[in-house]
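Protein chains in written order, with this note's numbering: chain A, -17 to 230; chain D, 2 to 371; chain W, 41 to 340.
It is worth saying that the hints were derived from the structure and are not from the lab. Every value quoted in this text rests on a predicted model; they were computed, and no experiment measured them. Check the hints yourself; a few may be wrong.
Derived SDA-like pairs (lysine to any residue); straight-line CA-CA distance at most 20 angstroms [what the hints assert, rightly or not]:
hint: 1; chain 1: A; residue 1: K74; chain 2: D; residue 2: G145
hint: 2; chain 1: D; residue 1: K348; chain 2: A; residue 2: V123
hint: 3; chain 1: A; residue 1: K37; chain 2: D; residue 2: P335
hint: 4; chain 1: A; residue 1: K37; chain 2: D; residue 2: N239
hint: 5; chain 1: A; residue 1: K(-10); chain 2: A; residue 2: N48
hint: 6; chain 1: A; residue 1: K174; chain 2: A; residue 2: N10
hint: 7; chain 1: A; residue 1: K165; chain 2: A; residue 2: D194
hint: 8; chain 1: W; residue 1: K226; chain 2: A; residue 2: V69
hint: 9; chain 1: D; residue 1: K348; chain 2: A; residue 2: L127
hint: 10; chain 1: A; residue 1: K37; chain 2: W; residue 2: T140
hint: 11; chain 1: A; residue 1: K37; chain 2: D; residue 2: A141
hint: 12; chain 1: A; residue 1: K74; chain 2: D; residue 2: K11
hint: 13; chain 1: A; residue 1: K37; chain 2: D; residue 2: R142
hint: 14; chain 1: A; residue 1: K74; chain 2: D; residue 2: L334
hint: 15; chain 1: A; residue 1: K74; chain 2: W; residue 2: T140
hint: 16; chain 1: D; residue 1: K348; chain 2: A; residue 2: E122
hint: 17; chain 1: D; residue 1: K11; chain 2: A; residue 2: V98
hint: 18; chain 1: A; residue 1: K37; chain 2: A; residue 2: M53
hint: 19; chain 1: A; residue 1: K74; chain 2: W; residue 2: P142
hint: 20; chain 1: D; residue 1: K11; chain 2: A; residue 2: M99
hint: 21; chain 1: A; residue 1: K(-10); chain 2: A; residue 2: V123
hint: 22; chain 1: A; residue 1: K(-10); chain 2: A; residue 2: L38
hint: 23; chain 1: A; residue 1: K74; chain 2: D; residue 2: E231
Each chain, written out:
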Amino acid sequence: MTSVLELKGVTRAFNDYIAVNGFDLTVNEGELRCLLGPNGAGKTTSLDLITGRQKLTSGSVHLRGNDITHMSEQQIARQGVGRKFQVPAVFKELSVKDNFEVAFTRERGPFANMAVMRRSDGEARYNEIIEIVGLGDRLEVPAGLLSHGETQWLEIGMVLMQDPSLLLMDEPTAGMTEQETAKTSDIFNELKGTHTLIVVEHDMSFVREIADIITVMHMGSLLAEGTISEIENNSVVREVYLGSEGIS
Amino acid sequence: MNGNIYHNRKAQWVAYVAVFVLLALVPTVFDNPFTLNQLARYSVFALLAVSVSLIWGFGGILSLGQGIAFGLASYGMGMTMQMQFQNPEYDPIPSFMLTNELETLPLLWEPFLSTPVGLILTILVPTGFFVIFGILMFQARVAGVFVAIMTLAMLAAWYSMAYDMQPFTAGFNGISPPLPLQIFGGEVDPYSPLAYWICVGVLATLTLATKALLHTKFGLIVQAIRDDAERARFLGYNVAYYQVVVFAISGFLAAWAGLCWVMIVQYVSPTSMEIAFSISMVVWAAVGGRASLLGAIIGAFMVNGIQSYLGDELQQVWMLILGAIFIGVVLFLPRGIAGLLELILSKVPFGRGPSGAQWSAETGTEEKAS
Amino acid sequence: MSVHDFWTPFSLLPFLNALIIGISLASIWLIAALGLAIIYGTMGVINMAHGELIMLGAYTTYVFQSLVGVPFLICLPLAFFVVAAIGWVIERGVIRTLYTRPLDTLLATWGLSLILIQSVRLIFGGEPQYVGVPSWLNFQIDASFVHLSGLRLFIVLMAIILVTLTWYILYRTTLGIRVRAVMQDKEMAASFGIDANRVYSLTFAYGAGLAGAAGAMFGALKTLFPDMGSAYVVEAFLVVVVGGIGLIGSVFSSALLGELNSVFSYFTNDTFARFVLFTLVVVFLRFRPQGIISEGMGRR
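Chain A with its partners taken away, still in its complex shape:
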């Protein structure tokens, strides 16, 4: 199996605070990896480091063998890393359709895109995407008017429009109702196998629905890695993360 993403000794230190400390992670083709950990464990910071939003203090990030450690955000995105943010980020004043259109990034430069008339190329692609994420009846609506769940799906759909080889999903079910969460787990199960994903999530029942392998972080480092049952029975994990609450 080829590894899609490989993190080696990734470290991010602020003056006297180490957010991520010597973190190693390998994610293989077609895998759905869940990243767990208490608040402040360094999950979102790790995603920031992979996508270039923050710079590494030391360590390296490789995507399919290419060193992307020192690339800018847009270069990493072009290498095929798509990211959904924790707080959903969509283009609020543009329609859902236009959001998809912007996410369809065949041409990147401004001058090349001046020659691209809109709504020509992206259409076939977003017809496939709305098969997966829905929103087919909301295409003309400005994204700012979508419900919270719909906004999450739109952002997932936009990341898919990019056709990335690695998808990073930061808390995709945050703030969702039970039905919305159920639909979201359907979406992820559909993506599994054909896409490589890293999902940061708190909702354990959701994690059980979708996860192959779980990586648990604690204080910026790797605490444990394994299948859902291995993690649930790992005494160290129980102690530091699940604590008195247990796995609900």
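Mind docking chains D and W on chain A? Use the hints.
Frame of chain A, contents of chains D and W only:
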């Protein structure tokens, strides 16, 4: 097609063309040279409002420095026209330079001896400056109010240069070219229908070109960056590059305004780079509707029209009225007159698709049509 | 001016005097910027009407001094309180509704500045007015390279006093603790029972009051015009953006900008110095954008 005719692209184009045709027909009705010159001035202001609408309404970048491009172009045009009067053989130096003890023509103004070169530089220099200035700001990811402050500081810097470099700019007095623009063997009398048509023609051409540009994917991405620059960056777009390009285009539009302005007033002074003037451009665009090029044009015509036709009595309180209007628009009508129109038209049934009510004044933009 | 004498060669004593002028200039800019910096630092509001608040302070002083006969030293606190009251009303009336829209605040406050200028012009007329310099400040220090008027010395002292006072309020009073709490995290402060809206009103009023006090001094320094505020506002903004958030930043940046301006003026002339300085600031912000990047790292 959807529920509001305001968002219908064909209807938009029809409205734009109709307005420009109406403007072009004005000289056939009024032949008062003063009125024509006045309207030509408004067209120049309208073009400035369009440049603000592009950079602010669509690009999300509040530039208070559009006067830099306008002013630089004004000086370029002023010197082009001044040098037409000078004779390179035996009278190459404008009188204001002589009174300021210059014995040779400064190298800076040398190229302006040639009218075509002068005209090209009039547009090229401000646009080039906006490219450099844009790179400086947007590569550092300066955004929001800091762009406003930096553009303001730059404008103030240029203003003091124009004011102070007397031998080069005639300082506070400004440059008054003795003759109208001589071109293609004729001259452009500032009070003639020709001058008016040139101004309206430039306004129409550049506005329609800008509108067409906003309909391309480039335009869509610019608006996406306005809504969420970081999201766009994580989709792989070089946000700074797009911002520099759209900033330069807005400078290009303002430069054309400067060129036309000096053509119809035959005068340039540091006031072209006054802070209050640059902010006025923002007021016009805001009142008309920052997210609509046509709205910005209407805003410029309306605000300036009202100002000119108030009696002397009311002129005293004009700034009070303008300030109040402006606060009112910012507080209660952030999308200006165009937003109001959008809201009204949403009540009028049109075509198929989702009901117009979804496109509230707060969220709809003009360019969203299909 | 002719091109030949554009560049003044270096000579020690006049240059030292330029440095002294720089300190005087820095104190003026600091006083002008202090209120702006506090309002921006706490509320994130760019107040374009700040220059007009300074102008109101100057006219308040003029009214009390010339029409009522109040001594100058008493006019200072009066200008502070009158303009603070006006600021309080402005915050309640306009700024409050715009906290989530910083660019719109900038524009609305500019609309406000038009109204203030025109109102003053309607009341006092467009002709210049004067604030009398009290006789005890009517002296001039002329010792070797030092040439400084009593008033300018007074302004330097006032800058020190106002900064100290502001520092004391921010760091040594419960109100100051509240202000700093709101500055750091509005939601968190609210959960501790701090009424952020009240803190904002008071902060804006205090910032406006400082502008008023500044106006009282600038009125004595220069003539009063309804649009005199615009002369200070760009420099004040630059002091704030270069300094970043915080009192120390403003003190340091005003000192830096004042000295640089004075030194450039010495070698060239006032307006060219202004051009160089403003351009430098723009370039500086390009390379040290700390505290001026609007996309906060913690946003997502």
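What hint numbers does the structure not satisfy? Structure breaks hints 3, 10, 12, 21.
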